[in-house]
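Undergrad: Below, each chain spelled out in residue letters.
Protein chains: 2
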Amino acid sequence: MKKKPLILITNDDGITAPGIRALIDVMKEIGDIVVVAPDSPQSAMGHAITIHNTLSLNKISKPDAGFDEYSCSGTPVDCVKFAVSEVIKHKPDLCVSGINHGSNSSINVIYSGTMSAAIEAGIEGIPSIGFSLADFDWNADFEVVKPYVKRIAEQVLENGLPDGVILNVNFPREKSYKGVKVCRQANAMWVEEFDKRKSPHGRDYYWLTGKFVNLDKGEDTDEWALKNGYVSVVPVQFDLTAYHAMQQLNSWKLDG
Amino acid sequence: MKKKPLILITNDDGITAPGIRALIDVMKEIGDIVVVAPDSPQSAMGHAITIHNTLSLNKISKPDAGFDEYSCSGTPVDCVKFAVSEVIKHKPDLCVSGINHGSNSSINVIYSGTMSAAIEAGIEGIPSIGFSLADFDWNADFEVVKPYVKRIAEQVLENGLPDGVILNVNFPREKSYKGVKVCRQANAMWVEEFDKRKSPHGRDYYWLTGKFVNLDKGEDTDEWALKNGYVSVVPVQFDLTAYHAMQQLNSWKLDG
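Line by line, the protein sequences are chains A and B. Each residue of the first sequence is one higher than the last, beginning at 2 in my numbering. Each residue of the second sequence is one higher than the last, beginning at 2 in my numbering.
Same shape as in the complex, but just chain A:
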């Protein structure tokens, strides 16, 4: 019998989120699993790590659960570092992050704790996927995404991923999907709107809010796929070098 793959599961909505429970359900079917996830919501934490504070790690799974589950006081990226260094103590065969409550398509990849956890695993040389459902509802229905999550994870286990490449998988909020599209990241952004209020003590304070603006009509983008009923798969990388700009910069007078 072929050895079962070892799969690390994390997220950014916190260990009690329905999205990670759905991911656990699916991954139990295809491998041995270890869960290390934040003990509180860590959305929009990007690639933050905890260096100015201490961290705690608590085993929360019951002895008969069939797998080990830990909550961590840190960020999603801290969770991956903890899992590899202190819990599993070697590289798992796969890391999956999510299923996020809310889309991480286009520019959201860069703010997302879910995707940053997946990217951290990629940096550490682990094949890795972030899954997100474009539905912020805590009671979102994850049933329709489960067969797709399973198939994509199995394909990564079977084919591997190129060095330095992580998958960003987003599901539209539909009851069924037209298919799966390999896409590029749409050029989109958030336009901020700060909601200014006054505290009971007379001090101004703000809530950060914003409006999502898609500047990119390309039919090869993740935004287009999601808007048109497809699951989007964007291969992402952590080599941020803008190679196309190097030639131009070399013509500048930088040396004085």
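Please note that the accuracy of each hint is not assured.
Note that the list lumps identical chains together, so a pair holds whenever it fits in one copy or between two copies.
[Claimed, not checked] Taking lysine-lysine and the DSS-like style, the derived pairs with C-alpha atoms no more than 25 Å apart in a straight line are:
#1 4 - 212
#2 179 - 92
#3 176 - 29
#4 147 - 3
#5 228 - 4
#6 29 - 90
#7 92 - 197
#8 179 - 254
#9 212 - 3
#10 212 - 63
#11 147 - 254
#12 4 - 254
#13 212 - 228
Note that these hints are calculated values from the structure, not bench results. Bear in mind that the values here come from a model prediction, so they are computed numbers and not experimental data.
Position chain B against the provided structure of chain A, taking the given hints into account.
TA: Then chain B, alone, in the frame of chain A:
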């Protein structure tokens, strides 16, 4: 007389750090400046934004300072959003972030609050540069970097930057430099070492520490440049799409 450019200045070490004071000194010579920076150290915050908590913004400059200076309770990325949306209320001509106490070369770009602030400005369409000195000492000597910071900022103001491109500038810890090199991001990583301790109350806790490992000997990398006495300039982008992997993914059985 030509209108002076408006320059937004931020950092991640906090508004009192000597690095941002050095950056203010230089930018005052070439433009009108506005400073919006975190009220406390925010190193390694990556691209985190504050959505689960409120934010405050305090004007701290004296009336005769000649420029406006604000401290913000949020992350470096929050500071840029605040500056553009609430303080300046339009796009500045340039955003500079730093000068960071410590290197942000190679993979550090992804954890760095300094670079994430610069990247956020880039997302918002502002020509933007992050500056870092490979010296963690709070009393590091910023004098030698100042003429280089000035020249690079002037070149960006003069030439602009391609859409979606931000500069990551790192200075080695030398008393003089051999020159400036346009580089790619070295393929490097941190290997974690969690320092486990026991609290006075008997609970385990951890400090995240790590060892930097450079896997990339290329002489075209930022790590090579810094090690050999050069200032490194890496153009970075926030389109994370791994275009080279799309063809391969399109051969997978993703649709079931």
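Undergrad: For the identical chains here, do residue 4 and residue 254 meet the 25 Å Cα criterion within one copy, between copies, both, or neither?
TA: For residue 4 and residue 254, the Cα distance is within 25 Å only across copies (23 Å; inside one copy 58 Å).
Undergrad: Using 25 Å as the alpha-carbon threshold, which applies to residue 179 and residue 254: within, between, both, or neither?
TA: between (52 Å within a copy, 15 Å between copies)
Undergrad: At most 25 Å between C-alpha atoms: does residue 176 with residue 29 qualify within a copy, between copies, both, or neither?
TA: So residue 176 and residue 29 pass the 25 Å test inside one copy only (24 Å; across, 57 Å).
Undergrad: Checking an output row: residue 212 and residue 63, CA cutoff 25 Å. Within, between, both or neither?
TA: neither (43 Å within a copy, 34 Å between copies)
Undergrad: Please sort residue 29 with residue 90 into within, between, both or neither, judging by C-alpha distance up to 25 Å.
TA: Close inside one copy (20 Å), not across copies (51 Å); limit 25 Å.
Undergrad: Between residue 147 and residue 3, at a C-alpha cutoff of 25 Å, which is it: within one copy, between copies, both, or neither?
TA: Result: close within a single copy only, 24 Å intra versus 60 Å inter.
Undergrad: Given a CA cutoff of 25 Å, do residue 179 and residue 92 count as a within-copy pair, a between-copy pair, both, or neither?
TA: neither (35 Å within a copy, 41 Å between copies)
Undergrad: From the Cα coordinates, with 25 Å as the cut-off, is the pair residue 212 and residue 3 best called within, between, both, or neither?
TA: neither (49 Å within a copy, 35 Å between copies)
Undergrad: Regarding residue 92 and residue 197, is the shortest C-alpha distance of 25 Å or less found within a copy, between copies, in both, or in neither?
TA: Answer is between: at 20 Å across copies they meet the 25 Å cutoff, but 46 Å inside does not.
Undergrad: When no copy is named, should residue 212 and residue 228 be tagged within, between, both, or neither for a Cα gap of at most 25 Å?
TA: Within one copy, since 17 Å is at most 25 Å while 43 Å is not.
Undergrad: State whether the alpha carbon distance between residue 147 and residue 254 is at most 25 Å within one copy, between copies, both, or neither.
TA: between (55 Å within a copy, 16 Å between copies)
Undergrad: Checking an output row: residue 228 and residue 4, CA cutoff 25 Å. Within, between, both or neither?
TA: Neither, since 40 Å and 44 Å both go past 25 Å.
Figure legend: structure checked against the earlier numbered hints; hints not met, in rising order: 1, 2, 5, 9 and 10.
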